[in-house]
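**Q** Take a look at the letters that make up each chain.
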Amino acid sequence: MQRQKILVLYTANSALDSPVIGWSVYDGTGQTRPMAGDQDEPPYRTGVDALKDGWRLIQAAQLLPHGRGEEFDLAYLKYEFFFEQLVEVQP
Amino acid sequence: MTHLPLLNAQQMAQFVARGFLRLDGVVPEALNAQFLQEMGEIAPPVPGRGLMRTYGEMLAKAGVPEVAAGIPLDQAYEDGSALAKLVQLPVVAGAIRSLVGEDPIFDHHFLHVTFPPAYHEASGGENVSQHTHQDSTIDPRTAFDVQIMYYPHAVTREMGGTRFVPGTHLRRVSEVALGRYQNIRGQQHMVCEAGTLLFIHSGIWHGGGVNLSDRTRTMFKIRINPNPRSSRTQVRQFDVSTLVPQNQQRPIFYVKGPLPPSVEQTLMTPEPWFEQDTGRLEFLNRIRLWRYLTDDPTYDADYWLTRVENLAEV
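Protein sequences, first through last, are from chains A and B. Number 91 marks the last residue of the first sequence (this note's numbering); no jumps. Number 1314 marks the last residue of the second sequence (this note's numbering); no jumps.
Read the hints as simulated data drawn from the structure, not as lab findings. Treat each hint with caution, since some may be false.
Okay, the calculated bits of chain A under chain B, using three or more residues with CB under 8 Å as the criterion [said to hold, decoys possible]:
1. 14–25
2. 29–41
3. 73–82
Cβ atoms here follow ideal geometry from the backbone N, Cα and C, with glycine treated the same way.
Hey, can you work out the whole structure from these sequences and the hints?
**A** Next comes the structure, spelled out in structure tokens:
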């Protein structure tokens, strides 16, 4: 039986080899309980380092044009990459 | 005239750039003790008893008044109470005046208590940190509210502490829509001595840390607004005599060494989490906030706004 672990990395620009500036982990195996504020240093230096460690990229944020009049507005982190690992668990 | 200890230009620039002002151990011990005494005892954990029930009973018993939103701050607390004394401390009143101006308005307050594992085990709930969020709702103003976070007892890292991300206050987000972000480079945790205050811009991203110690953690928050009926609102309310006239822009990009400390240097200092492109937009937004607070629509730092405001084609 397999369960999914999810790693979300936020990087400094749209390149997967740019530095990680934010991160989250969600563990579908239930073996760990990651939560907000639990780690002050990123688990990987870049997104490519996560690939090298076996994480599979499953989604990347799109690059969208800036709407006229909204060019300077800032909201959410822009460069978001979702990775997964499938982990065997005992039924 | 005021004799309050107002914030100087450098402190204001730090607040504009990073969204917080931390004052460690400024509340006298006697006042911390009075506050905790007025808050009352927190009931011990009882097996099977929901934590929300314990919390609700604690709020009902605590010596915190119910206060109508929108009244003057100086009418919110009964004279002689710990909270009245807190907002009247010169260091607090001076910071309030500097950040939100004269006759500020009380918005709301809340007694935040974070419970240790024994309470969660007794109630059957999960002991987790609070999702990162921005308080209230989407706020498109340049004007801002200030939240005072008061730590009446020492906070250790094990107790969690308020987590916040310096420099996030100028982003327009919708409350806990950003709850997906667990960790952001440069995040800070409020580990502090008793009597510490954290003044935050209302937009800063923050959340309560998980308490893994063996005692409850208490923090009291007061949100205050600038008064729109005041003649000067929050503009030029800090010690403007400390502003250094800006005769010309600094050299940019090609510089042969570190530049001396200045308001510009503070406003142009990035946070560890800044994205490489939007970090520059953060600079622009800081400059705009500085223009507002100094009432100087021509102010610029490192040419960022001058360049995009040059309408040569017109």
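**Q** Taking the hints in turn, state whether each one holds.
**A** Now for the hints, and whether the structure bears them out:
1. With 7 residues bearing a CB less than 8 Å from a CB of chain B, the stretch 14–25 of chain A meets the requirement of three and the coverage assertion stands.
2. Requiring three or more residues with a Cβ within less than 8 Å of a Cβ of chain B, the coverage given for the stretch 29–41 of chain A holds, as 8 such residues are present.
3. Residues of the stretch 73–82 of chain A lying with their CB closer than 8 Å to a CB of chain B number 7, which satisfies the three-residue condition for coverage.
Consistency with the previously given hints is maintained throughout, with no hint failing.
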